[in-house]
Amino acid sequence: MPAASFKELMGQLKEDTKVEVAAPDKKKLADHYNFTEGWYDALLNSDKAIRTNTQGPQIHFDPAEKRQIVEIGVYEGASSCFWSDFYLDHEESSLISIDPFTGSEEHLKNPENYAGLSRLERTARENIAKSKNCGKVEVIKGLSQHVFADLDARFGREPWIDVLYIDGAHDSVSVARDVVLYVPMVKPGGVVFFDDYGHPDVKRAVDMGLNAFASFEFAMFTGWQLVGKVAEVASTHGDPA
9 MPAASFKELM GQLKEDTKVE VAAPDKKKLA DHYNFTEGWY DALLNSDKAI RTNTQGPQIH
69 FDPAEKRQIV EIGVYEGASS CFWSDFYLDH EESSLISIDP FTGSEEHLKN PENYAGLSRL
129 ERTARENIAK SKNCGKVEVI KGLSQHVFAD LDARFGREPW IDVLYIDGAH DSVSVARDVV
189 LYVPMVKPGG VVFFDDYGHP DVKRAVDMGL NAFASFEFAM FTGWQLVGKV AEVASTHGDP
249 A
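Residue numbers (this note's numbering): 9 to 249.
Hints may contain errors.
[To be verified] Listed below are the simulated DSSO-like cross-link pairs for lysine-lysine, each with C-alpha atoms no more than 27 angstroms apart in a straight line:
{"#": "1", "residue 1": "K74", "residue 2": "K144"}
{"#": "2", "residue 1": "K144", "residue 2": "K56"}
{"#": "3", "residue 1": "K138", "residue 2": "K56"}
{"#": "4", "residue 1": "K138", "residue 2": "K74"}
{"#": "5", "residue 1": "K149", "residue 2": "K211"}
{"#": "6", "residue 1": "K56", "residue 2": "K74"}
{"#": "7", "residue 1": "K140", "residue 2": "K56"}
{"#": "8", "residue 1": "K140", "residue 2": "K195"}
{"#": "9", "residue 1": "K74", "residue 2": "K195"}
{"#": "10", "residue 1": "K138", "residue 2": "K149"}
{"#": "11", "residue 1": "K140", "residue 2": "K74"}
{"#": "12", "residue 1": "K149", "residue 2": "K195"}
{"#": "13", "residue 1": "K74", "residue 2": "K149"}
{"#": "14", "residue 1": "K56", "residue 2": "K211"}
{"#": "15", "residue 1": "K195", "residue 2": "K144"}
[Claimed, not checked] The calculated label-pair distances, taken between Cβ atoms and stated as ranges, are:
{"#": "16", "residue 1": "H98", "residue 2": "A157", "range": "26 to 32 angstroms"}
{"#": "17", "residue 1": "E134", "residue 2": "N219", "range": "38 to 44 angstroms"}
{"#": "18", "residue 1": "F69", "residue 2": "A157", "range": "25 to 31 angstroms"}
{"#": "19", "residue 1": "H40", "residue 2": "S126", "range": "21 to 27 angstroms"}
{"#": "20", "residue 1": "E240", "residue 2": "R59", "range": "20 to 26 angstroms"}
{"#": "21", "residue 1": "D70", "residue 2": "A242", "range": "26 to 32 angstroms"}
{"#": "22", "residue 1": "Q63", "residue 2": "E146", "range": "33 to 39 angstroms"}
{"#": "23", "residue 1": "H68", "residue 2": "D39", "range": "27 to 33 angstroms"}
{"#": "24", "residue 1": "K211", "residue 2": "A161", "range": "28 to 34 angstroms"}
{"#": "25", "residue 1": "W168", "residue 2": "G143", "range": "19 to 25 angstroms"}
{"#": "26", "residue 1": "A72", "residue 2": "V181", "range": "36 to 42 angstroms"}
{"#": "27", "residue 1": "K211", "residue 2": "T110", "range": "20 to 26 angstroms"}
Simulated from the structure, these hints should not be mistaken for lab results. The C-beta atom is built at its ideal place from N, Cα and C for all residues, glycine as well.
Can you make the complete structure from the sequences, with help from the hints?
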């Protein structure tokens with residue numbers, strides 16, 4: 009299938025792929041981890057939706073494959089634990105989890121609704137420590153745009169990310185910045201997850217940004233995340249000064 013721009017993929021998204029996690033499995037999660045939100049469940053839903061998709065092209069996630077995963081936005085560590093539990097089995101696989109642990113705009117506006125905000129980093133690290141491959145998870149405290157400079161120095165300017173999971177701040181400027189910085193670092197054939205794609209600011213930034221910075225083999229909407237398989241990315245970061 010020829011590569012398509014993101015704009016051309018808009019009409020191809022699947023909207024009926026949400027799969028509910030069985031109650032016994034949810035109880036096991038509740039007993040094992042300390043999550044106040046259902047984001048681990050949402051990733052289980054997306055994972056099953058991707059694996060059971062039989063319409064058109066597919067994304068194949070082999071737990072045994074070597075992969076470098078980067079996630080922006082950790083909160084209580086739910087997504088970090090998901091990746092650690094299911095997709096870091098290869099001895100050289102690793103996950104970089106980035107978060108300033110201050111909460112996002114919606115949390116800061118109504119802190120009384122988020123009792124665990126003050127101990128967010130501690131909760132996240134405790135949860136991640138309980139995950140299957142916790143030793144392969146590197147938690148970096150900081151804003152994604154600041155952390156990028158360090159990662160750029162470590163990994164270079166050629167694409168090096170196999171899976172990129174963007175779930176940081178939800179305002180358009182922050183999402184667009186993550187797209188500009190991190191999407192060009194995804195390898196051809198790699199996968200990008202955009203959490204909360206239904207949020208209007210997230211959707212606006214993703215729709216505008218991806219069309220400029222990457223082409224995709226295909227994309228699907230899992231009911232919560234937009235997931236796209238990268239065909240090629242634009243070189244946007246120039247040569248080192």
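Right, here's what the structure says about each hint:
1. K74 to K144: Answer holds: K74 to K144 is near 12 angstroms, not above 27 angstroms.
2. K144 to K56: 23 angstroms, holds
3. K138 to K56: This hinted pair holds, its Cα atoms lying about 23 angstroms apart.
4. K138 to K74: 22 angstroms, holds
5. K149 to K211: The given pair, whose Cα atoms are some 26 angstroms apart, holds under the 27 angstroms limit.
6. K56 to K74: 20 angstroms, holds
7. K140 to K56: Roughly 19 angstroms between the alpha carbons, so the hint for K140 and K56 holds.
8. K140 to K195: Satisfied, since the Cα-Cα distance of roughly 26 angstroms is no more than 27 angstroms.
9. K74 to K195: 13 angstroms, holds
10. K138 to K149: 19 angstroms, holds
11. K140 to K74: Distance ~16 angstroms between K140 and K74 Cα, so the pair holds.
12. K149 to K195: OK: K149 and K195 at ~25 angstroms, within 27 angstroms.
13. K74 to K149: 25 angstroms, holds
14. K56 to K211: At roughly 23 angstroms apart (the allowed maximum being 27 angstroms), K211 and K56 satisfy the hint.
15. K195 to K144: 20 angstroms, holds
16. H98 to A157: 26 to 32 angstroms: 28 angstroms, holds
17. E134 to N219: 38 to 44 angstroms: 40 angstroms, holds
18. F69 to A157: 25 to 31 angstroms: Since F69 and A157 have Cβ atoms about 30 angstroms apart, the given range 25 to 31 angstroms holds.
19. H40 to S126: 21 to 27 angstroms: 23 angstroms, holds
20. E240 to R59: 20 to 26 angstroms: 25 angstroms, holds
21. D70 to A242: 26 to 32 angstroms: With a Cβ separation near 28 angstroms, D70 and A242 satisfy 26 to 32 angstroms, so the hint holds.
22. Q63 to E146: 33 to 39 angstroms: The hint (33 to 39 angstroms, Cβ to Cβ) holds, given that Q63 and E146 are roughly 36 angstroms apart.
23. H68 to D39: 27 to 33 angstroms: Given about 31 angstroms between the Cβ atoms, the range holds.
24. K211 to A161: 28 to 34 angstroms: Since K211 and A161 have Cβ atoms about 32 angstroms apart, the given range 28 to 34 angstroms holds.
25. W168 to G143: 19 to 25 angstroms: 20 angstroms, holds
26. A72 to V181: 36 to 42 angstroms: 39 angstroms, holds
27. K211 to T110: 20 to 26 angstroms: Roughly 24 angstroms apart at Cβ, these two residues keep to the hinted range, so it holds.
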